[in-house]
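J.: First to last, the sequence lines map onto chains A and B.
Just so we're aligned, residue 7 is where the first sequence starts under the working numbering, counting upward by one.
Just so we're aligned, residue 107 is where the second sequence starts under the working numbering, counting upward by one.
Simulated from the structure, these hints should not be mistaken for lab results.
Only a predicted model underlies this, so the values are computations on that prediction, with no experimental measurement involved.
Cβ coordinates follow ideal geometry from the N, Cα and C atoms, glycine included.
Now the stretches of chain A that chain B is said to cover, found in silico as 3 or more residues with beta-carbon under 8 Å:
(1) 43-55
(2) 126-135
(3) 195-208
(4) 253-263
(5) 266-280
Listed below are the residues making up each chain.
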Amino acid sequence: MTTQTATAPRAGDPQAVSHKIRDNKAKKVDPAFIWMLVPAALVFTVLLTIPLLTGVFYTFTNFKGYGDWHFVGLTNYKNLFSDDIIWGSYLFTFKYAIVASILTNIIALGLALVLNSKMKARTFFRGVFFVPYILPVLVVSYIFSYLFTNNLPQIGQALGWEWLSTSLLANEDLAWLAIVVVGVWQSVAYNTIIYLAGLQTVPEEIYEASALDGAGPVRRLWSMTLPLIIPYLGINMVLSFKGFLGVFDQIVALTSGGPGTATQSISYLIFKNGFQGGEYAYQTANGVIYFLIVVALSFAQLRFTQSQERV
Amino acid sequence: MTATTANHDSAGSADSLLGKAEPEVYRVRRGSKGTFGRTNWWTTLLAVVLSLTVLVPLYFTVVTAFKTPEELATSGWALPRSWSLDNFATAWEMTSYPRRVLTSSIITVGATVFTLLSNSMVAYALGRNMHRPWFRRLYYYFVAALFVPFPIIMLPVVKETALLHLDNEAGLILLYVVYGLAFNILMYTSFIKSIPEELEEAAAMDGASRWTIFWRIIFPLLSPMNATVGILTCLWAWNDFLLPLVILTDQTKATLPLAQYVFQGQFNTNYPVSFASYLMAIAPMFLVYVIAQRWVISGVMRGSQK
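The following block holds chain B by itself, in its conformation from the complex:
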């Protein structure tokens, strides 16, 4: 993937160097043909129509969360008569929302931070020693985990975490860090290979130890990959349902998605309160997304190319 982009880049710069006169011609053509350069209103219109498939369910979630059950029964699509926060207050208490947010945050932040620190370090140690057979074997050992679907290890892992007293937030954090390792190593090592080793040799001559080199030089240089791995881990840990469902034995430590599941069984008739709860479960990540949209998309885009 990197090779093709690199080629493409060089080809592009070569073009701009060679053909100084040509853009004029293109510009005339562009203007007359209208395919390039000018706003395409047809695709814009199409995008507006298509975006309804995303926006309508979201609109529906929001208006339902503000209605009373009676109001919902008579007017499914209409706006609520009053924007009362009663449903949210009820859901807040029923799900012990602050505690859920805290649990989810601890798990997400813990998983993300430890993933960034440990997985990059593992990838660095592997990436710099790929010419040694044992390191290469270890690399394949880690990466092979990509092929292991969770259902096959689900039952033994649950037994084991219970045995090791890891059926809690700490255990979940550890599992996210370990289960992300295979993919993250792929992400990091390809990037580490592109960092010149001369940089490290220079630092070594100045007396820097391997650890210093890693934390002071390599880790900061890994920033683009750190962003990608961080975003993907964050989304995964925050939204995941299956792992908390099977690992967390203490119901009071439920995560946000897990709380929706528990909640559903108890209160499935009161839809407005459920929807208020869904909205509250979605809200934190949604806000982060609205603020950091550009980085999230570009981060995921980088990850998707691996």
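For reference, chain A alone in the conformation it holds in the complex:
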């Protein structure tokens, strides 16, 4: 900022030298800056932009991933909309992402409030609750897969609950819930951290003032804490929703998209049919649609963040 307000050098000014440097900077770019950027820009283009462009290009062809191909125009996109498997995967992914985001945020917010209170061994508990975040999703999913197939049915049988007496993962109607459990178990950690950061921006003085005025804990939570951390709630919801839309590892480890096609997420479908099903072009078109959804979401997030910052 200071460089733009700097004025022309004046003779006899003791600061003239530094002004001269500033002026030079305004006119000429230090070549070192160029050298710092060029390699990164090149590698970035080769490994990200070119794949993106070739991917989009192939969506207008019938490329299988190997062999010959020719242009088919918008056929892939048209077919996407009349494909039950695609619709199924979007339905599952959105259902999963909505339920998982809501659950994650409710739990994370509650947990953050607990961890932010004047409790014993706060640092220790923060450490414990953060553990799921540092574990690989795949391994966590395998561990839960065992719990779902072996331990939970035992509990279900003991309690006489029919829906829990067999593996959730083999149940076409409930398998998605099992994936929700694993997804939420792991993401609560990160969201809690964001809420904790948010809670720290709430000045303690207002609590003390409200306590003097006789506001109870529920009242304080509802009319002071929540309104003050609403921006964090908004960002968290969008971020976790975006994250859950890309669910992949859990699907691979827990259900492989089954039973049937009940839990095929979008990214799993792109991976599976794109690589092994000879649907390279078609699934990349699916990826483009998915991309557009993510972009729309991101702009919604941006708008939301900006509107909050203006307040």
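Fit chain B to the known structure of chain A by using the hints.
T.: Quick look at chain B alone, frame taken from chain A:
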């Protein structure tokens, strides 16, 4: 985000300057009302109960890893009869554990080191030249990658890395460095703007080149951001499954998570051995976490506020 914290800080210091007498009043109130200052045993109890949701699956993983299949069938929750390391030995050999750890370490260390060195440099060059249109365009070009979900480029990237002979550890490192760029630039540039340029001008007058300025002055000053970016990159590269799955064509170069996947297909009946393997896959990062817990959490916290 930084603006609000700054305001908050100044407000806090102003308060402490103004109201010297007031804390006395508060302290009396605190004591009588019990909401502030005193340990809240209810939330502590709640935290204990809730932490079971994290600890029970971990407990289960540990005890299962030490059992025999027969023992597991009869007693799912009980402690193992003997703490034998046989399962670990089997898993160690089946997954060629030392080689997996080496591969995962090479990839994680490589990705983290190169990310820190290159991404901070890119962010510096951009951050100091945001008033120039071309630099600003380049900035948006990099940051736009935040919106690109991996599945859309997955298939072409796999073809391309195979073509360029990057379907190996080096390729993975490069991909982590490049795919992290968008987010890391956001992290670094906001911080770089807060570093006064006068510092660099002074060094320039002493004859330091731009490179010297970056490595000797800016890079050390970036430490808090380096820690955050380092931790996030490290966790990502170590735990990632999808990229190694699609990029690494040579099975002998599998990473730790990838090895669990390969392992699962071959030995899915012997749960204790699988669990021993899971535990071994988790262990290195878990140990690092236990030692560096405070930094990891604060690093991630800083990253989450962006």
